[in-house]
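Could you put the whole structure together from the sequences, leaning on the hints where they help?
Taken in sequence, the protein lines are chains B and D.
Going by the numbering used here, the first sequence opens with residue 333, and the numbers climb by one from there.
Going by the numbering used here, the second sequence opens with residue 333, and the numbers climb by one from there.
Because the hints were derived from the structure by calculation, they are not lab data.
Please read all numbers here as calculations on a predicted model, not as lab measurements.
Not one of these hints is a red herring.
Residues from chain B shown here face chain D by an in silico Cβ test under 10 angstroms; the list is partial: (1) T372; (2) K374; (3) A377; (4) A378; (5) P400; (6) K407; (7) M408; (8) M415; (9) P645; (10) H657; (11) L658; (12) K662; (13) V664; (14) S666; (15) V667.
Far from chain B, by Cβ distances over 12 angstroms, these chain D residues were calculated: (16) R360; (17) G517; (18) K532; (19) N540; (20) V557; (21) S577.
Glycine is no exception: its CB is placed at the ideal position from the N, C-alpha and C atoms.
Number of protein chains: 2
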Amino acid sequence: MLEFRITNDDPETSARAGELETPHGIVRTPAFMPVGTAGTVKGMAAWELERLAPEMVLANTYHLLLRPGVDRIEKMGGLHRLMAWQGPILTDSGGYQVFSLAARRELDDDGVTFRSHLDGSAQRLTPENVVETQARYGVDVAMVLDECLPYPVEMAAARESVARSIDWARRALVHAEQIRAGSTGWRGGLFAIQQGSVDKELRRECTNELAGHDFDGFAIGGLAVGEPSEVLHEAVAMATPMLPSDRPRYLMGVGYPSDIIQAVACGVDLFDCVLPTRSARTGKVFTATGEINIKNARFADDFAPLDEACSCPTCAAYSRAALRHLFIAKEVTSVVLLTLHNLTFFLNLMREAREAIMAGRYGRFRQRIDEIRNST
Amino acid sequence: MLEFRITNDDPETSARAGELETPHGIVRTPAFMPVGTAGTVKGMAAWELERLAPEMVLANTYHLLLRPGVDRIEKMGGLHRLMAWQGPILTDSGGYQVFSLAARRELDDDGVTFRSHLDGSAQRLTPENVVETQARYGVDVAMVLDECLPYPVEMAAARESVARSIDWARRALVHAEQIRAGSTGWRGGLFAIQQGSVDKELRRECTNELAGHDFDGFAIGGLAVGEPSEVLHEAVAMATPMLPSDRPRYLMGVGYPSDIIQAVACGVDLFDCVLPTRSARTGKVFTATGEINIKNARFADDFAPLDEACSCPTCAAYSRAALRHLFIAKEVTSVVLLTLHNLTFFLNLMREAREAIMAGRYGRFRQRIDEIRNST
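This is the structure in structure tokens:
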């Protein structure tokens, strides 16, 4: 199993700082994972990603499975080679994309059959083959196949789905242990996923079923699927403490800086979200004093950097006026520049959060972030 | 006037190595200028461009005039600030884009009136105002407004057009000298443009009319507009020796590596072309052993770098298989990576050409490049 050490507990909140040892290095938590959907963090050359130095990056099993395919990735020497990234990689199971992107989806107790959204080819995911795929990618952390429910959902459907996800998780673990005991050389971890929508008892039952097994970590699934922010915060506050405290906790698909800061206070260790990268492509920029959209006409003659407090190369070289022009002119360069800035913002936020925990002042840190949010 | 020194003449060919002093530094020639149409070399953050270290970059007066506009660029502190590039910049006059992109174009003896292809707004270029615009951009080298004729063209039309271009060039020079003598601080150079289609006498007459004036350099215009490669080579061989040998010679819009190598042998010093950057966006890659298209299925399992002989960061980090995947998946990152490689190829080619001239072995260098071309 992957070693996970909690090095600091915040005295006022449930926030903790930790270190997760993976085959490609130590992930210092709490950490935010930039998303590299199809084998690259959109717009970031490998050396830019290295300079950003995220603790771990996320890639999508589903997208990579359809293209370039697991055979080709394995032949290439693994996903790290495709991405030209030598740090830790976590992949999701592909389940979420099957339920949101794929066509003609048919679910049964042994897995899910669907058509590729790219070429219509028939595909099948099972608890076993998604672990095998991720192992062949050579990832540091693999996720179990689960069924991600929409919000809101009927209780009967939620119960049935959770039972299936628990069964799949156990099967995935058996398979992962077989692979790790074999000759492939794969030594990555496997995280289980807690489901149960926003129902406390269902999440508790699910957690109890999963917690007794040797998963390397536990994710909170089924959130950040469209529910209001208050519902998300309540669900995180309810769900997180149920998870084993000695294992990393990963809140999938979250999110906004304020949501992350809140979740860290509940004891969450890992996050991923397309927000910093996708926002860059719509002109949305995160700054120490709030969010702005660079398309806004008021930036046309604003010669200040995006964020006075930022140390990123974009802020060192370009004014808001220049970035607005490049964005309006649809220059690819603007996507590169804004992505780099937004990722710097998220990664620095996590570094500051971690330092605050280590210094035992996370409560004050969270309060300061809240004040910024409320003032904008 | 800008100082231009020829430091080496090749003994076998008419190739020469030189140094052009501009307000933003020395341009070592022969040199290839990457094209930064709307204020950025597409996909290249400022620090990537700095690492590539081109001697000079080109930007388009027309595009920048329409957006973000000369007032805004001037207010920003000039085009160098917009581009976040502190090296030399040359801008074209905008004439070429007016004749190729703008709508409802009306030419008269004092200039050209047209509608913006972006918003339909009425615009007018005159010999004087294009110099003024480029001076307000703060460029190192400005170009005179000229009329770029299509190929082929009727002789009568060509004669009339050349007479107009000569008149405009003289008016531009008078205006540039007024600006340089004034208080704006602009000290950039002004290049005239030789026209005359593929007619030797007309190009000679045009050159004779221009050469007696204090232009900082001379461009060969009206080529690379769709004529066959042999016609281009013949025209360059015919046109270049007419131009004053003590001033930089600039072959506009050229081109393919083999065209450049040929033109350098005729005594051309400066080049610009969208080829390395535009090609990157269609998957076309330049290598020491010829051109390839990364989309090609044969690269799907090719784990070699794009070019074994290349020192660029793309070739250091990514395999052809990885780059093909990223390109097919329409990842912006692939545009960045291929652009960086292609520009490295062009800039290294020019560095090697210059070294060959300085070592008095340009003839052999050209022969080697020709052999590569003929073998692919």
